[in-house]
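Enquirer: Take the sequences, apply the hints, and build the full model.
Which chain is which? The protein sequence lines are A and B, in order. For the first sequence, my numbering assigns the number 74 to the initial residue and increments by one for each residue that follows. For the second sequence, my numbering assigns the number 46 to the initial residue and increments by one for each residue that follows.
Warning: the hint list may mix true and false statements.
30 Å max Cα-Cα, derived DSSO-like pairs, lysine-lysine [unchecked claim]:
id : chain 1 : residue 1 : chain 2 : residue 2
1  : B       : K253      : A       : K171
2  : A       : K176      : B       : K128
3  : B       : K253      : A       : K173
4  : B       : K128      : B       : K253
5  : A       : K173      : A       : K96
Chain A stretches covered by chain B per the calculated footprint, using a threshold of three residues with CB under 8 Å from any CB of chain B [stated by the list, open to error]:
id : segment
6  : 195 to 205
7  : 214 to 220
8  : 224 to 233
9  : 236 to 250
10 : 278 to 287
Just so you know, the hints here were simulated from the structure itself, not pulled from any lab data. Since the model is a prediction, treat every value here as computed from it, not as a measurement. Glycine is no exception: its CB is placed at the ideal position from the N, C-alpha and C atoms.
Here are the chains, one letter per residue:
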Amino acid sequence: MSVLIILLLPLIAAALVCIPVKKYWASGVTVASSAAILILAARTALQVAAGNSIVSTSQLGLLKWISVDGLSVLILLLIAFVATTAAIYSIGYMAHEKLKPSKLRLYYANYNLFIFSMLAIPVLAEPTLVWIVVELTTLCSALLVSFENTREALEAAWKYVVLSLMGAGMALLGFLVLFAAMQASGGHGAYTWHGLVTAAPMMPPVLLQIAFLLILIGLGTKVGLVPMHTWLPDAHSQAPSPVCALLSGIETSAILYVILRMFPIMQASPHCHAETWALVFGLISVGVAAFLLLQVRDYKRMFAFSTVEHMGIILAAVGLGASAAGYGAMLQIVSHCVTKSFCFFAAGATLMAVGTREIPAVRGLVRKSPAAGVALVLGGLAITGAPPLAVFLSEFSILKAGLTQKHYVATGLLALFIVIAFFGIMLHINRMVFGVSENEKNGSPGPPEENHPGTQPVEKFNLPFSCRLALIVAAVPVLALGVYIPKPLHDLLTMAAAALTR
Amino acid sequence: MSGMNQLLENLNALAAGLFLLTAFGIVAMRQVRGCLNLFIAQSLLLAASAALLGLRYGSAHLFGVAIVNVISKPIIIPWLLRKTAPAEIYTQREINQVLNIPTALLIALALAILSYFLGQPLLNAIAPEFRAPNVPIGIAGLLIGVFTLTVRREAVPLLLGLLMMENSAFLAGISMSRNLPLLVELAFATDGLIIVFISGVLIRAVQKHVGTTAVGELASLKEGATERAVKEAGK
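Expert: Structural data, given as structure tokens:
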């Protein structure tokens, strides 16, 4: 059963990397296991896209709660993709950090455990078990956030743990109320996502409503919805860049997936208004993040705020409530995941080249490291939704669906905030990549051609090969998905969008 | 038999009431050791409530919950904390918090009253056999836990606040959704242990690299904070 192997591989890899042997053993094992997971996940995705959903037939312990449908296999595939590219990227990034071998092994052990906890979210179908693995993602990634052990990193990790676990406490009560609702419905179906959807029409609406709000607020803390987002820019900027790519690119979406699972359950009762809550929370998140983007002074924080914005867009798209908007939301999850991980790889390359996270301190990046500069510009354009890249397509289909649904005000606001975010991000990136630094501007008086920025001798920085490779691999879907969506992926997206409605 | 059942229900209500009292105690306690002892007492009361409800409704599963709770929380968690962050547990100094204690207690009291109103629609919607004082008291404990997180500034009391939130959710859960599979309960218990372990490691790292565990003082990451840092660097 390939799903089971997918779950076992990162655990085996986590154990293997602890063996102290050659220099590249730990990174090699991690890349190999991530790539194997990606291949298995792609195979599972093809099976599901062809119409064979996977439900465990075993009645043994944990195994009986494993089930995979269109929505979950989409998330599974994305986790596997980012895990692979981030593992490749880690080789060069960690070599640049010049760590002790024991510290490096600790990094890779943590990395694999974190991957395991994320992969378990879409695969498990029992809500309380999903709650536990959501907690595990926090706990496994906490030590990755604090990995550099600076004062700021420790502060970020502490905030991350406390706020995420606080949210998880609220969500736990939500899931227990959901279980009570399941009992009150009188049905004796299994307590799984599927069983809940079936039993939902008999459940008392009050219980459903309380459960939904507790889960939305509790897990929304971990997704980074405004006003519970305060930890996110800290944690997503202080972690090492490959970890940021995982946290921002896919962890937030994987948690959002759990919230999305609530929607078909909520639609059973007309008084629940789950869509309205989603639209309101989504729009507030997009708006606040768009304005916060204008004033950031740390480029990794900038991409972190952009994650808040994109989570808001996805939630708002689900709130628009049509199947077309659902398709757009799913496409947005895919495009955000591939693009944001690319952005953080580019940000990591920039950090390696210049050694600072301050936007004002970085000027003329393209002259110092052409690869990092080009990647940063491409990442900025891609994440803000410039045509013809992946995010443009998904945002366009969401706005189109919003207009056909006659949600004119919400769609207008969404478009406005997206445009503001575009200007915010591109302004900063333009200055960083092409700007002229203070030193170059009022440099020593001399012959005029020496004052010209182009002729200033700049020490070039060479990006490690594995980082270049990861950037190229991550760029492929960013460029390709904007113009062409393969048929199996299209089928998967349609199935995933169908899983959002009853 | 009904007299026996009545007695068990009353005893359960007593355990739940004492649970609420320990929640107030965790808000008011000034020393880390005291907080930890109160948390242990609270976990024992949770286990007692589970055992009493198990006896009342003849549910072997709830006895399992009680046993898992007695083993994991009062025994393993304090042991783990002493292993990972010993300096924090044994210090006798007073811990500071944002509000003074009478104000904090008054707010906690207001939260407890609020939770009775919040719990009412929930209680009305579930079947009578699942109704117990556990539900509103669980909600009260959850809210008081969130409140503790906002006023405390030290690492270990914050961690105990988090664990108190989990205890409270369970207190509501054992009456409201008592047929959860035991495997899930075991997973919950393991999860609690991992929380303590990871937080302990983090607390230790904070103490080593920052020199304090008053995590409330860690506030360099803010919007505009970097701006200040740039200016200071410029000077």
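Enquirer: Has the segment 214 to 220 of chain A got at least three residues whose CB is nearer than 8 Å to a CB belonging to chain B?
Expert: Since three or more residues must qualify, the claim that chain B covers the segment 214 to 220 of chain A holds, with 3 doing so at under 8 Å.
Enquirer: Please verify the coverage claim for the segment 236 to 250 of chain A: does it have three or more residues whose C-beta sits within 8 Å of some C-beta in chain B?
Expert: holds (count 8)
Enquirer: Between the alpha carbons of A:K173 and A:K96, is the straight-line distance 30 Å or under?
Expert: holds (10 Å)
Enquirer: Quick one, are B:K253 and A:K173 close enough, alpha carbons at most 30 Å?
Expert: holds (18 Å)
Enquirer: With a Cβ-Cβ cutoff of 8 Å, does the segment 278 to 287 of chain A contain at least three residues near chain B?
Expert: holds (count 3)
Enquirer: CA of B:K128 to CA of B:K253, is that 30 Å or under?
Expert: Roughly 15 Å between the alpha carbons, so the hint for B:K128 and B:K253 holds.
Enquirer: Do three or more residues of the segment 224 to 233 of chain A come closer than 8 Å to chain B, measuring C-beta to C-beta?
Expert: This one holds; 8 residues, not fewer than the three required, reach chain B with a Cβ under 8 Å.
Enquirer: Counting residues of the segment 195 to 205 of chain A with a beta carbon closer than 8 Å to any beta carbon of chain B, are there 3 or more?
Expert: holds (count 4)
Enquirer: With a cut-off of 30 Å on the C-alpha distance, tell me whether B:K253 and A:K171 pass.
Expert: Holds, because 21 Å separates the two Cα atoms, which is no more than 30 Å.
Enquirer: Given the hinted pair A:K176 and B:K128, is their Cα-Cα distance within 30 Å?
Expert: holds (21 Å)
The earlier numbered hints are all upheld by this structure, with none contradicted.
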